[in-house]
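Peer 1: Protein sequences appear in the order of chains X and P. Under my numbering, the first residue of the first sequence carries the number 836, and numbering increases by one thereafter. Under my numbering, the first residue of the second sequence carries the number 836, and numbering increases by one thereafter.
Errors might be hidden in some of the hints.
Copies of the same chain are indistinguishable here, so a pair counts whether it falls within one copy or spans any two.
[To be verified] The calculated lysine to aspartate or glutamate pairs, modelled on EDC-like cross-linking and capped at a C-alpha distance of 20 Å, are:
(1) 1125 x 971
(2) 939 x 929
(3) 1095 x 1057
(4) 939 x 976
(5) 989 x 1137
(6) 997 x 976
(7) 939 x 1114
It is worth saying that the hints were derived from the structure and are not from the lab. Computed from a prediction, not measured in an experiment: that's the story for all the values here.
There are 2 protein chains.
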Amino acid sequence: MRFDVTILGSSSATPIYNRNPSSQLLNINERHFLIDCGEGTQVQLLRNGIKNQRIEHIFISHLHGDHYLGLVGLLSSLHLNGRSKPIYLYGPPELSEILDIQFKYSQTQLRYPLVFKATQTDHTEKIFESNDVIIETFVLDHRIPCTGFKFTQKKRSRKIIKEKFDELKIPIDLIPELKRGGTFTDKKGRVYAADELTIEAPEPRSYAYCSDTLCSWGYLQDIKGVDTLYHEATFMNDMLSRAEETFHTTTLQAGEIAVKAEVKQLLIGHFSARYKELEPLLEESKSVFKNTKLAIEGHTFEI
Amino acid sequence: MRFDVTILGSSSATPIYNRNPSSQLLNINERHFLIDCGEGTQVQLLRNGIKNQRIEHIFISHLHGDHYLGLVGLLSSLHLNGRSKPIYLYGPPELSEILDIQFKYSQTQLRYPLVFKATQTDHTEKIFESNDVIIETFVLDHRIPCTGFKFTQKKRSRKIIKEKFDELKIPIDLIPELKRGGTFTDKKGRVYAADELTIEAPEPRSYAYCSDTLCSWGYLQDIKGVDTLYHEATFMNDMLSRAEETFHTTTLQAGEIAVKAEVKQLLIGHFSARYKELEPLLEESKSVFKNTKLAIEGHTFEI
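Using the sequences and the hints, build the whole thing.
Peer 2: What follows is the structure, encoded as structure tokens:
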């Protein structure tokens, strides 16, 4: 099952050096989930060959402009291009007010349902569940209310071994029972156990997105053990006091969080405009957590 | 005196084919005036090597997203980069509400004064005057209230002929009087007329910007005789009924307006996403008004 993330923006507050404000496209089993939507996200989707009409769910972490200013433009383009399927939008309660006023004055009546769910900014909450994924928010520690998002695959049922099914001529209608671990008895009375006919599905994977936050340990439990962690790393560690003042994290701290949370892979992003070259940021983070990667525009990471 | 316009966006509602939503940078005697500010304008400024801190005045024609969605991002970046000089902003009254709510929820207190002047959408009005330029709004005919902007240089005083001044040893303090057309009498009593010592300043030039409008003749008097007219030309003439439905203009009509308004140069823009190639649009407009040019990204036009 496909589970990967394409980076659309890696810049912090001001876009520079061809870096765009925050946005990521998560592909879960060919369903499209957009996380944050900074200014220019619709152009970044185009540039990366991603059809914006395939997006079903949009998640906004907080109301600093570099995380949501591309939203009205994207929603308007979906409307102008004839969308009829709903968009499910999750974000701070005030986001709906910001959208409403702009659609009111532009006299835009969206042709598709925009289903808004306000996120809670004081406790963890499950905001979405389907047959293959659970999505939860958790509380980050920023200058204004801010949530992280965790995407967890569900454990799938066992997979059939096709050759065995063909060989034993097992009727199709027995498949669901066998996937659940049932047995099969052939005409001669031989009983086949589940693990002779089916194999365990791969372990479910998980992804956590920490957009803007002070490196506090309040959310450590929420991201514990995820396969891939995206964490902001706005500054290098020589700017620690600036990071603390502005409620951001350093590259070194992001590495420490990855270690403590026992994740498998760390993606860092939200780089300050002061850094033209990003290799030093990567090196600093890797000095603590080896499997760190730069979450830069156009790169897709398997989760 | 420098008087030119650099195009930052040429697209209509949805950005496509590397075309961005509406924005233009007008340079009048090294002062920077930004006209409309679609999503991504701050990146377009960067890309064209224009320092955004040099902008003094911003004009928003109307509240369709493709004309203003880059504004909050640009104003925020100016703030984050330490601006202290004021920005003078002109646009529909509701624009201030849209900005206020977003700055409120992002807890942004701009470090510089943002001086807002609401434009009138039912009559022509002078909104700015300095020693070298007058700026007026005029009423366009769109689905929502929309204004055009006209920039007119003031007639400058006569220019001195330096060689003559040196030869006759004319005292510097007589310059203002001579520029106003006064005479000079030398020691021998010979009288020099103004046109022997000074020459007429170049004729003042003017620029009109018609962002989004039905081709109605209501604003013809307002743009009459301008040197350069920017006029939207969203569709070709085979889409005339679509243009009328959506209160837009065709390439043919833009040419006709240029003829009737007796302008010297026509720039067309705001191209629909249906046109990948723009040459046919240019040709159609030129069939009516020869001196038409495509107002595309990165091009600078002398007015």
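Peer 1: All the hints need checking, so say for each whether the structure fits it.
Peer 2: Consistency of the hints with the structure:
1. 1125 x 971: neither (27 Å within a copy, 61 Å between copies)
2. 939 x 929: The answer is both: 16 Å in one copy and 10 Å across copies each meet 20 Å.
3. 1095 x 1057: This pair counts as within: shortest intra-copy Cα distance 12 Å, inter-copy 67 Å.
4. 939 x 976: This pair counts as between: shortest inter-copy Cα distance 19 Å, intra-copy 33 Å.
5. 989 x 1137: The answer is within: 17 Å in one copy meets 20 Å, while 62 Å across copies does not.
6. 997 x 976: neither (50 Å within a copy, 67 Å between copies)
7. 939 x 1114: neither (45 Å within a copy, 36 Å between copies)
In summary, the structure is inconsistent with hints 1, 6 and 7 from the numbered list given earlier, while agreeing with the others.
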